[in-house]
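**Student:** What follows is each chain in one-letter form.
2 protein chains.
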Amino acid sequence: MPDDLLMPGQRIARGVCRLLRSHDFACLDEVVPKPGLRVDVMALGPKGEIWVVECKSCRADFTSDRKWQGYLEWCDRFFWAVPPDFPTEILPLDSGAGLILADDYGGEILGQGAETPLPGARRKAMTLKFARMAALRQQGLRDPGL
Amino acid sequence: MPDDLLMPGQRIARGVCRLLRSHDFACLDEVVPKPGLRVDVMALGPKGEIWVVECKSCRADFTSDRKWQGYLEWCDRFFWAVPPDFPTEILPLDSGAGLILADDYGGEILGQGAETPLPGARRKAMTLKFARMAALRQQGLRDPGL
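Protein chains in written order, with the numbering used here: chain A, 14 to 159; chain B, 14 to 159.
Copies of one chain are not kept apart here, so a pair can be met inside one copy or by any two copies together.
Calculated lysine to aspartate or glutamate pairs in the EDC-like style (CA-CA distance at most 20 Å, straight line):
| id | residue 1 | residue 2 |
| --- | --- | --- |
| 1 | K47 | D37 |
| 2 | K142 | E62 |
| 3 | K142 | D89 |
| 4 | K60 | D89 |
| 5 | K137 | D89 |
| 6 | K137 | E62 |
| 7 | K142 | E86 |
Calculated directly from the structure, the hints in this document are not laboratory data.
Produce the complete structure using the sequences and hints provided.
**Tutor:** Next up, the structure:
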């Protein structure tokens, strides 16, 4: 998608996805683990690890998010992704979250945060949901007749 | 992809993917379960069912395939997909395979064949592989900078 059609958070998400791909994680953006909860990026690692990344373009973008604590139970690791000029001191990193610095084109993992492995049943269900969502999206992109 | 850039088998695969989507299965084409083995279509159902579909455009396309028996151990159900004018009597349907009639735009399931559930560990590994492949492909389609 052309850059100018993307919102700032979406451009950061693209950079995050490129970064995570270089770490051998396959990414989907805007994933809905359960109704009413949408995460910016969900990434699936080679051993089935599930990471969630929330992208915040600026202070106001972060302070308006009242749902982020709900994301923690849907992943093994949770990260904030912010641009280099973001005031990182306002992020609740002591909650175990990791930190990614990202721009439109890439990024860097500054901190991994804590790992809190998902229960097996939830990992299984989330992996299946991720798989089906990814396949349906790529079918939608490939097949113009749909 | 424009129709005229697709091979006959690929056009049938597209019709199969549209059909299976209408049955709530998410599809990927050209999936490699293990090195040296490539299936035309792999589909993932709402309960995690894994189906494999081999698309044969004509008699010669079928008779030149010496690998199809290797596909059975990678799915819960296996189907042949052929165009309406295909000589279906040459297909080994007594092996438990299902049958799909398909063209470039859709199709119909004529027989479900037998269900032979995958062992749990293989289903888990295959679902993860499917998920990561689908996500990487959709990322490749969406992000022109990759």
